[in-house]
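A.B. asks: Sequence:
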Amino acid sequence: MEGPLILDRYRPLADLASGGFADVVLAYDTRMQRRVAIKRLPFPRDRAGRPVIPAGLSEARTAAMLNHPSIVTVYEWDTDANEAFLIMEHVDGVSLADLLDDGPLDLNEAATVVTTVAAALRFAHDNGVLHLDINPENVLVTRDGLIKVTDFGVASLSTSSGHQPILGGTLGYMPLEQLRDEEVDERADVWAFASLVFESLTAANPLASDTLEGAIFKANVIDPPVLTEFDPALPSELDDVLIAALSTHAEDRYPDVRTFVAEILPFLGDVEDGRESLADAVAAIIGDGEDGAHPAAGLGVWDRLVHLRPQATRLLGTAVGGWLAYAGLTALQLGYPATLAGAALAALAGALAPGLGALLGYAIFLLALALTGDWLLAAALGISGGALWWTAGRHSAGFVGALAAPVLGAVYVALAVPLLFGFMMRPLRAAGFAAYAAAVTLVASAASGARGPYAWVDPRWLLDPFGPRGVDGGVRDLLGDPAFAVVVAAWALAAAVTSLACAIASRLAAICGVALGALTLYGGYTAASLVSTAYGRSITWSQEALLPHLMASLILVVLVVAAGPPTRAEEE
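For the sequence shown, the working numbering assigns the number 2 to the initial residue and increments by one for each residue that follows.
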């Protein structure tokens, strides 16, 4: 299951559950490298169809963040414009509902469920949180027979979202006062807990109903069910306990979970034996194997390595900043100690803040370019580069990557740069960085002695950019050719086209985007050749000379895509 990252971080793996109010997705946390379960709760809409943030969002978030061994851990709660996301631990097991599909629990297993669910509810109530949706789907059983309760705060969120009260809980596990949307307290959870226990021991819920009206009728008119009428083999003492807990009126029930559990536990079985039995039952449903062998099983390389992106960016910033500063200071002939000190300063800045380090090295490089006679080119590159850095490059690896683009030109894959930017970035950002990378690469190619289509950079120029060049005329010819602007625009458009396709965040979409981007590049260079000829320029933008570079770049980018789908944000 490939799809857009959720919250720029979580790769969807599979759909776990779907309901009227929320969906649950199994996902991979690309930063922490673990599986998580994500509950997605869409916001209600107003009459114009616009999402409305629920008034109870803050309270629901607080309720969901309870920290207890018997409560499913919520790692994060976040929202976008349309929905809320609960990022929860992935429980390797099944729900109590799955177990009850195979029949009721025995007394030992029921004792384990009652003890653990009660501990979770007591902790929540002590912290001022009601669950309001205790049902078998929200009680999870792990491979080890451990019990965890999930969805604290979700029911209250659904009610505050403007949904009907029915969506604040589950029919058959809601007392009369909750069904009528009246004020509730701990005794509402006592009623739902008792209903859960009844179903655990009988695999039946006589209080269930398909409609809100039917549930109200059963809760208000029909007497609470008698457990032993469903299974005469169960201890008769349980009847009185459950009848009291399921009383229609809250004042007739046990005042809290602690009291209810103290009354019912003596008639249940052994907790430890129940845990072992539950573990066997879970294994019978999902098998004894490991859960996916590794949390990242089936993921691409980029999802597994995305947590290393900051370190990789710092390394690149160190190299680019240090190299540019060293080249510029060498040309200024300040002496070896000063040159090394300046290069080390730019490299250090690149390690701490890659964008800043690259800018510092670039500024030194442009200063040297201006002082050695090419001040107009230095000014043009400085103004455009400074604007790009200020608007998009301060906190992005894109600016550093654009300055490093000539290095790929030295190994015949410069045309991979716009496609790679499209793979990694959103359209506008990708287009901006690709355009600047094009300008830098074309100028570096011309300065190194290359000719059209300026897709190759002589590696010797990278080692000594201010050495004996004798090719200044090549740079002037390039900048005086209108085709230069056409090629820069082609790089930008190719990056944007690739990015739009990669927004789907699947390998197939990325391959299609790369193909379209490559066609855009070829078309751009073809247009450049026509423009150059029309204006009578001497530069030959040969498509034949371009094809080897384009093919080599395509091979590189296809290998990148094959390693994994792009780690892209879900929404603009």
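Just to be clear, a hint being listed does not mean it is correct.
Cβ pair distances, simulated, as ranges [claimed, not checked]: (1) Glu184 / Asp47: 26 to 32 angstroms; (2) Leu349 / Leu17: 31 to 37 angstroms; (3) Ala388 / Ala528: 41 to 47 angstroms; (4) Gly104 / Ala313: 27 to 33 angstroms; (5) Phe231 / Pro311: 27 to 33 angstroms; (6) Gln544 / Ala388: 38 to 44 angstroms; (7) Ala285 / Asp253: 48 to 54 angstroms; (8) Ile512 / Ala15: 18 to 24 angstroms.
If you're looking for bench data, these hints aren't it; they were derived computationally from the structure. Since the model is a prediction, treat every value here as computed from it, not as a measurement. Built from N, CA and C at the ideal position, the CB exists for glycine as well.
A.B. asks: Each hint: holds or not?
C.D. replies: Structure-based check of each hint:
The hinted window of 26 to 32 angstroms between Glu184 and Asp47 holds, with their beta carbons roughly 27 angstroms apart. Look at Leu349 against Leu17: about 47 angstroms separates their beta carbons, and that is not inside 31 to 37 angstroms. The hint said 41 to 47 angstroms for the Cβ distance between Ala388 and Ala528, and at roughly 26 angstroms that hint is violated. Look at Gly104 against Ala313: about 54 angstroms separates their beta carbons, and that is not inside 27 to 33 angstroms.
Taking 27 to 33 angstroms as the suggested C-beta distance range, the pair Phe231 and Pro311 does not conform, at roughly 59 angstroms. About 32 angstroms separates the C-beta atoms of Gln544 and Ala388, a value inconsistent with the hinted range of 38 to 44 angstroms. The given range of 48 to 54 angstroms is broken by Ala285 and Asp253, whose C-beta atoms sit roughly 40 angstroms from each other. The beta-carbon spacing between Ile512 and Ala15, approximately 23 angstroms, falls within the hinted interval of 18 to 24 angstroms.
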